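Peer 1: The primary structure of each chain is shown beneath.
Number of protein chains: 2
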Amino acid sequence: MKSRRIFLQKAGLSALALNISTFNPISAMPNFLDAKKMDEKPLRVAIMGLGSYGTRVAEAIQETKRTKLVGVISGTPSKVEAWKTKYGIPAKNCYNYENFDAIKDNPDIDAVYVITPNGLHKDQVIRVAKAGKHAICEKPMAVNAADGQAMIDACKAAGVHLLIGYRMHFEANTLEVIKMRKAGEFGTPLFFQGLSGFIIGDPSQWRLQKSLSGGGAMMDIGIYSINGARYMLGEDPIWVTAQETKNNPEKFKEGIDETIQFQMGFPSGAVASCLSTYSMNNLDRFFLNGTKGWAEMQPSTGYGPIKGKTNQGPLDKPHTTHQAVQMDEMAAIIFDGKKPEVPVNGEEGVKDMKIIDAIFKAVKTGEKVTLKLA
Amino acid sequence: MKSRRIFLQKAGLSALALNISTFNPISAMPNFLDAKKMDEKPLRVAIMGLGSYGTRVAEAIQETKRTKLVGVISGTPSKVEAWKTKYGIPAKNCYNYENFDAIKDNPDIDAVYVITPNGLHKDQVIRVAKAGKHAICEKPMAVNAADGQAMIDACKAAGVHLLIGYRMHFEANTLEVIKMRKAGEFGTPLFFQGLSGFIIGDPSQWRLQKSLSGGGAMMDIGIYSINGARYMLGEDPIWVTAQETKNNPEKFKEGIDETIQFQMGFPSGAVASCLSTYSMNNLDRFFLNGTKGWAEMQPSTGYGPIKGKTNQGPLDKPHTTHQAVQMDEMAAIIFDGKKPEVPVNGEEGVKDMKIIDAIFKAVKTGEKVTLKLA
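Chain order of the listed sequences is V and Y. To get the numbering used here, take the position in the first sequence, counting from 1, and add 2. To get the numbering used here, take the position in the second sequence, counting from 1, and add 2.
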């Protein structure tokens, strides 16, 4: 699919040609319709930060119907050269971290997807906003809520969208569980459990440097359990408690959390019990329990496929590349004003940051921290 | 099996007859051997408290190889009459709560299994000990650690055994996971999760009366997660934190916990995250995660069958009635001095009570409570 899309882009073939050349007319229909939309107006995206996740997003964009990778911002000239060749990116759409404010004068770029270390997001998103481009920012949006709010303010002032890279918010099985919960099929939701963990490798990576990451596992993957608690219960927490355990202080230095257990309470009386760790694999599970039923997702946030079941049976929505769905949905938000089932805007991002701030405070003080997110 | 055993007991048939009458000689072999042991010397048990769990134990005893139900202690004469008939219990082995100290003069009873409300265990077990009989006490052994210690002291002074009704400590799949953990098949254990919950019915039952129960869900089922954390990780906790949520204060009055989330830390750096509730079904799950593998049991503590799997495959030990295995193993402890894989003595019970005391303190103070169980 990816190579076909690239081929078609390069060859300048029409959407109609794409449809005709497809064997299966049923599966081709959405392609036909959406490719038509793309001809009308694709969201032209530059990726800032050409690391492994940036690469994943670039690949996913090749699968999208309404977005196009048109530019890059990177501090590594060799990467820029490789991407220019691979994705047919024109030299005029390539920037580095010093000169990318000039993007404001580039009419061929609509949005910048910031996929850099967390600690850099704030300044970079603000610069993107000032350049008049929509900002898509990888999660966590920042390293604390205050920075997140500054990003919202800058984007509002510039009249551009700020969207957070919450790919799970668009995942089909996740949305199915949310739909079932809203329809009352689990009764009253009372408990959410989120386990998020993997054993992190290279100790020199930016994710283990406080100035770049803003924290450890919590910032990187604990946020999935926070997201999950909120969208699966359908509420925002009013308190958090948290307990940190650090078994390897050499690898996980001051300010880099290795393992945090955290709990949240919600206005309805529902509770959440979560764990975030950089020291264990086999932890990617969501569990929602209500008075009438339950949902279990495992894996719940990996790149897919997401697997799960409810008291009614398996969750069987087909897998699609998360980042591709995310990008197309973000194009719909920007172009059509579409309201996603679960918000992915800056305000949503700041709620998560406020919760992370509270978790860190709870770890530090040992006390229950109350929250007011509304 | 139950009715056959009763028949054989009544008919006075020999163990050899049992063996010969069995179609499958392989499955019959243990029966043959153990029935022989029983002929030699069964543990003759009186049950104190003829409620639903007492009834379950009585039925299980019919399946055992080395124990025999020979007496009852009850405050309800109609129940005593029914049990006399059903189990062939002689009138001289029937007592009530006023006169059961006279059991000391009854040479036909070896042990009393106390299956009464938690708040009564202490005095009743001490009276059993003073009567010179071995005490088997349903869990939780008491309503706090101090009472539990008093029970230990009384049994020691009387030279009788004190065993706690920890049926899971003898369950085959549970023991398989423990064996695998000890063999290092999960690597270093780092995380245990225990979820224990069901929706409790009749609000007038003793379990919802503080003076009889000593607490709510924690005393009744939270203790399973505490047990699980300890035997699956193979350590005793050094700290606990806990958060209580009460959504129905009419049903769950002062001192009766509805839902408690609790966390424990262990000397190795492992952590446990648990939930105990009387307001949710579908919560009976253990999960053990180590550096090399994991085990999941769900259901993990129900009356069975226990189901589970590890990273190596399904746990497939066949189901046997938990209470029957427990009783036979307890006979082996008493008669043979057998050391069970996981202790079930009073000291083990007091450790759990100390943890529950600490959880209640953590709920009350909102602070981390340190523990020294060794």
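The hints are simulated quantities; they were obtained by calculation from the structure and are not laboratory data. Do not take every clue at face value.
Pairs involving identical chains hold if they fit within one copy or between any two copies, as the list cannot separate such chains.
Said to hold, decoys possible - In the DSSO-like style, the derived pairs of lysine-lysine whose C-alpha atoms are separated by at most 27 Å in a straight line are: (1) 255 to 370; (2) 181 to 132; (3) 253 to 294; (4) 319 to 374; (5) 132 to 88; (6) 255 to 212; (7) 370 to 248; (8) 294 to 309.
A quick note: this is a predicted structure, and the numbers were derived from the prediction, not measured.
Peer 1: Hint by hint, where does the structure go against what was stated? Just the numbers, ascending.
Peer 2: 2, 4 and 5
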